[in-house]
Amino acid sequence: MNIKLVIFSGIITALLGSVLGLAAAHIGQKDFNQPRYESQFYSDLHYKYYGIIGAGLGFAIGVSQECVRELKAKRDKELEQ
Numbered sequence: 001m002n003i004k005l006v007i008f009s010g011i012i013t014a015l016l017g018s019v020l021g022l023a024a025a026h027i028g029q030k031d032f033n034q035p036r037y038e039s040q041f042y043s044d045l046h047y048k049y050y051g052i053i054g055a056g057l058g059f060a061i062g063v064s065q066e067c068v069r070e071l072k073a074k075r076d077k078e079l080e081q
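Mapping of the sequence shown onto our numbering: position 59 corresponds to residue 59, and the numbering continues sequentially without gaps.
There may be inaccurate statements among the hints.
In silico DSS-like cross-links for lysine-lysine, where the CA-CA straight-line distance does not exceed 27 Å [unchecked claim]:
id : residue 1 : residue 2
1  : Lys4      : Lys72
2  : Lys4      : Lys74
3  : Lys4      : Lys77
Cβ pair distances, simulated, as ranges [unchecked claim]:
id : residue 1 : residue 2 : range
4  : Lys77     : Ile27     : 36 to 46 Å
5  : Tyr49     : Arg75     : 16 to 26 Å
6  : Lys77     : Ala23     : 37 to 47 Å
7  : Leu57     : Lys4      : 20 to 30 Å
For the record, the hints were derived by calculation from the structure and aren't laboratory data. Values in this document were obtained by computation on a predicted structure and should not be read as measured data. No residue lacks a Cβ here, since even glycine has one placed at the ideal position from N, Cα and C.
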């Protein structure tokens with residue numbers, strides 16, 4: 001299994017996941033200039049945690065998807081022989 005390719009795929013999907021997480025947090029606000037909730041915890045939540053959660057999920061999805069691709073290619077190669 002090509003570990004460099006697996007890590008690269010995880011990093012790229014982590015970047016995409018963090019962007020999607022931040023976009024979802026930004027879209028979820030009623031007004032883009034004012035946070036949806038008045039509490040400081042909720043106003044900071046979308047900037048701090050949604051990006052991290054999106055990056056973590058993106059990394060996990062990217063790594064697992066690339067592992068499945070690598071294993072499928074290995075299985076196809078073994079079946080040809």
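Hints, one by one, checked against the model:
Our distance criterion of 27 Å between C-alpha atoms is met by Lys4 and Lys72, whose separation comes to about 17 Å. Simply put, Lys4 and Lys74 have alpha-carbon atoms about 16 Å apart, close enough for the 27 Å limit, and the pair holds. Taking the CA atoms of Lys4 and Lys77, the gap is near 20 Å; set against the 27 Å cutoff, the hint holds. Checked against the given bound of 36 to 46 Å, the beta carbons of Lys77 and Ile27, roughly 44 Å apart, stay inside it.
The given range of 16 to 26 Å is broken by Tyr49 and Arg75, whose C-beta atoms sit roughly 38 Å from each other. Between Lys77 and Ala23 the beta carbon distance is about 39 Å. The supplied range of 37 to 47 Å therefore holds. Distance hint for Leu57 and Lys4: a CB-CB separation of about 22 Å, consistent with the stated range 20 to 30 Å.
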